[in-house]
Amino acid sequence: MSFTSFAEFLAMGTHGAYVWSSFAISLAVLALNVVLPLLARRRYLQDEARRLRREESQ
Amino acid sequence: MSNLMNWTWFHKLGSPKWFYEISGRWLPWLSAAAALLLAVGLVWSLAFAPPDYQQGNSFRIIYIHVPAAFLAQSVYVMLAVAGVVGLVWKMKLADVAVQQAAPIGAWMTVIALVTGAIWGKPTWGTYWVWDARLTSMLILLFLYFGVIALGQAISNRDSAAKACAVLAIVGVINIPIIKYSVEWWNTLHQPATFSVIEKPAMPLEMWLPLLIMVLGFYCFFGAVLLLRMRLEVLKREARSSWAKAEVKTHVEKSL
Chain A
835 MSFTSFAEFL AMGTHGAYVW SSFAISLAVL ALNVVLPLLA RRRYLQDEAR RLRREESQ
Chain B
371 MSNLMNWTWF HKLGSPKWFY EISGRWLPWL SAAAALLLAV GLVWSLAFAP PDYQQGNSFR
431 IIYIHVPAAF LAQSVYVMLA VAGVVGLVWK MKLADVAVQQ AAPIGAWMTV IALVTGAIWG
491 KPTWGTYWVW DARLTSMLIL LFLYFGVIAL GQAISNRDSA AKACAVLAIV GVINIPIIKY
551 SVEWWNTLHQ PATFSVIEKP AMPLEMWLPL LIMVLGFYCF FGAVLLLRMR LEVLKREARS
611 SWAKAEVKTH VEKSL
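So the protein lines, in turn, are chains A and B.
With my numbering applied, the first sequence corresponds to residues 835 to 892, in that order.
With my numbering applied, the second sequence corresponds to residues 371 to 625, in that order.
Watch out, some of these pointers could steer you wrong.
[Said to hold, decoys possible] Once the Cα atoms are required to be at most 16 Å apart in a straight line, the calculated EDC-like pairs of lysine to aspartate or glutamate come out as: (1) 623/B x 881/A; (2) 623/B x 842/A; (3) 618/B x 881/A; (4) 618/B x 882/A; (5) 614/B x 890/A; (6) 618/B x 889/A; (7) 614/B x 842/A; (8) 618/B x 842/A; (9) 491/B x 889/A; (10) 462/B x 553/B; (11) 605/B x 890/A.
FYI, nobody ran anything at the bench for these hints, they're computed from the structure.
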């Protein structure tokens with residue numbers, strides 16, 4: 835561990851704002867890259883399900 | 371010998387059904403590897419890696435900046451390779467790969483540029499300079515935008531695939547420019563500090579978490595690429611019987 839306290843960990847010396855904003859933005863982008871394709875897949879399958887039910891009820 | 375010369379795997383790769391099946395088997399493993407590597411890498415790089423003797427703790431930004439920049443360039447090379455495969459062997463799956471990898475590559479370029487800018491402030495005293503490395507990375511982002519825009523603007527799928535493949539191949543000239551920009555021009559950006567094949571230029575306790583983050587980013591890319599490609603293949607093959615059966619099993623599960 836390179837920090838002695840949690841406050842020191844948050845402060846990152848004098849660079850807390852730079853380090854934490856970089857990591858936060860990057861993690862948000864990574865999360866977006868996972869969530870958007872998953873949502874798109876779910877939407878597509880739901881649309882197809884609706885289409886199939888319509889076709890079957892005809 | 372006959373196994374080595376056997377190209378059936380290459381032709382199978384052109385089969386959307388085969389791709390869908392095999393990628394479904396790989397996806398959970400790749401996702402688990404990515405999650406594990408990124409989790410370990412994040413904790414290690416933020417809390418356990420020692421601070422740099424000159425830059426202090428702002429140096430920790432390297433742990434996302436370098437993996438993202440690596441990946442951004444590798445993905446573009448992958449686009450060009452897939453472009454060649456698509457043009458030469460008329461493999462439809464190559465176009466799927468180009469279209470689905472381009473947005474991920476663009477996002478990685480954004481991460482590299484943004485974290486670089488944030489890192490630049492405490493290190494160079496400025497967020498941005500029009501220096502060779504930074505400018506060539508910005509050009510990479512615009513190349514990605516070009517591939518994405520072309521793929522969406524041309525309605526004929528085959529023409530779009532050809533146009534994107536050509537742009538990907540021509541644009542790959544930018545990759546060596548990015549790589550050697552720090553040597554050819556007098557830049558503010560420091561030369562490469564990380565290499566997988568060479569002896570690390572930094573102490574092992576700084577280098578190991580970086581290696582883990584780089585591997586984590588590559589696994590992440592692999593998992594997200596498969597995720598995106600599988601949906602695209604399912605859409606493009608919507609009229610084939612296997613795709614219909616696949617959709618049906620999911621529909622029944624959700625009912």
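Unmet hints by their number, sorted upward, for this structure
As far as the earlier hints go, 2, 7, 8, 9, 10 and 11 are violated by this structure, in ascending order.
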